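Visitor: Construct all of the structure, not just a fragment, from the sequences and the given hints.
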Amino acid sequence: MVSLLETVHCRTLTARAGLTVVLLALYAYAAWYPAPRKHLDRVSFRLLVYALLANLTFGIAFVIATLVPFPGWECGFLMFLVNLSLVFSAGMFFCIGINLPLVLTFNLNGQRMERYYIMGTALISSVCNIMPYASGQFGWNTAANQCWYRTTDPASRLRWFVGTQTVWLLFASFGEVVAFLITVGHLVAYERLATDLRFRADAKLHETYSSSISRNLRMRDPVVRNIILRIGLYPFVSCLMSISTSTLDLHELIYTAPTELNSKIYLADIALFSARPLIYGLLAVTDPSFLRAMRELHPSSKNSGDLNSSSQGAGPCFSTVLELPLTTVESERGKHDMLESLELGQTTKGNGDTPDHGGEEEQAGFPVHALDPAMHPDAYVIHNIIPHI
34 MVSLLETVHC
44 RTLTARAGLT
54 VVLLALYAYA
64 AWYPAPRKHL
74 DRVSFRLLVY
84 ALLANLTFGI
94 AFVIATLVPF
104 PGWECGFLMF
114 LVNLSLVFSA
124 GMFFCIGINL
134 PLVLTFNLNG
144 QRMERYYIMG
154 TALISSVCNI
164 MPYASGQFGW
174 NTAANQCWYR
184 TTDPASRLRW
194 FVGTQTVWLL
204 FASFGEVVAF
214 LITVGHLVAY
224 ERLATDLRFR
234 ADAKLHETYS
244 SSISRNLRMR
254 DPVVRNIILR
264 IGLYPFVSCL
274 MSISTSTLDL
284 HELIYTAPTE
294 LNSKIYLADI
304 ALFSARPLIY
314 GLLAVTDPSF
324 LRAMRELHPS
334 SKNSGDLNSS
344 SQGAGPCFST
354 VLELPLTTVE
364 SERGKHDMLE
374 SLELGQTTKG
384 NGDTPDHGGE
394 EEQAGFPVHA
404 LDPAMHPDAY
414 VIHNIIPHI
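Using our numbering, the first residue of the sequence shown is number 34, and each one after it goes up by one.
There could be a bad hint or two in this list.
Label pairs and their in silico Cβ distance ranges [to be verified]: (1) PHE103 - LEU330: 45 to 55 Å; (2) ALA222 - GLU107: 46 to 56 Å; (3) VAL160 - ALA58: 28 to 38 Å; (4) THR228 - THR280: 40 to 50 Å.
Think of the hints as simulated: they come from the structure by calculation, not from any bench. Quantities reported herein were computed from a predicted structural model and do not represent experimental measurements. Yeah, the Cβ is synthetic: ideal placement off N, Cα and C, and Gly gets one too.
Guide: Structure representation (structure tokens):
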């Protein structure tokens with residue numbers, strides 16, 4: 034018989050899974066049209082969609098497994114889906130976290146790495162769950178009267194649980210923390226480099242021109258902080274959820290006596306599992322890339338939003354992508370070119386206004402594939418990095 038607590042938990046989990054369904058439907062609706070589709074064309078955003086799909090599978094399978102009142106092959110298969118989707122979801126958030134330092138610090142191609150993220154996560158999550166499923170470890174637990182690990186031996190159940198779920202969730206959490214720290218260090222170093230170049234150029238240019246650049250520099254100060262915050266938000270939440278649920282599950286497996294403390298821990302564990310789809314859904318529905326895509330579908334709201342943002346000034350910009358102000362880049366392009374020609378004696382071609390970069394194709398004043406990150410840090414990020422993160 035299913036307890037009242039489990040019934041309430043299943044209903045809550047169903048409602049939160051419904052939010053994920055609505056959100057994914059909105060994603061598909063926005064991606065159907067070319068104009069908003071460009072805002073969703075990010076590696077991290079696609080990985081987020083895969084993670085939401087895995088969370089949706091987790092929610093549906095967990096509800097059905099909880100409501101199954103009798104043993105059978107369905108019980109083992111549902112537990113296989115629960116563990117598989119849980120590990121795959123954690124792996125996707127781990128890939129979101131490590132993709133940023135791989136692109137920013139190690140200059141890897143994020144779009145090419147995307148396939149390896151998916152294949153690697155799918156391989157690990159499949160291997161660590163196919164083995165216990167094939168050996169009959171997933172099924173009806175007679176002691177707990179529910180779908181779980183079939184064995185009643187606490188030591189054996191603990192080994193299977195740690196090997197198939199806990200170790201991978203904790204590994205992903207540790208990797209997310211390390212990746213976030215590397216990203217923060219790189220962005221801080223990048224901002225110092227960009228600031229140094231701006232001050233060097235200001236000393237060589239006219240006072241009125243440099244004053245406008247200084248205003249843009251002041252506008253950029255909160256941007257880097259908000260970039261760091263938003264980049265680490267998805268992996269940070271995933272890290273907290275994985276560590277919390279893994280710790281509580283381990284406590285339940287080690288200390289099986291029916292005490293008041295164990296009952297409270299069980300309630301906390303149930304609450305965290307039911308909150309997982311809701312938290313990820315709320316993070317995804319407030320993603321700036323998604324909000325910009327939805328504004329593209331409604332030009333009137335987009336225009337009013339642009340008017341409000343222009344009247345309020347440069348506010349915080351929470352985004353999963355590096356959104357550097359275009360005004361700063363445009364105003365600094367001439368400054369960087371002048372600094373190059375003054376210090377490096379660049380040769381020019383044509384009418385003498387365009388630097389010679391070996392005849393490479395130019396876009397918006399810069400050859401996209403020949404940008405020097407040391408001399409043009411802002412433009413380098415916009416042209417060479419954003420499509421890959």
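Visitor: Each hint should be assessed against the structure and marked as holding or not.
Guide: Checked hints:
1. PHE103 - LEU330: 45 to 55 Å: This hint holds: roughly 47 Å between Cβ atoms.
2. ALA222 - GLU107: 46 to 56 Å: Since the Cβ atoms of ALA222 and GLU107 sit about 54 Å apart, the hinted range of 46 to 56 Å holds.
3. VAL160 - ALA58: 28 to 38 Å: Taking Cβ atoms as reference, VAL160 and ALA58 lie about 32 Å apart, which means the hint holds.
4. THR228 - THR280: 40 to 50 Å: Between THR228 and THR280, where Cβ atoms are some 42 Å apart, the hint holds.
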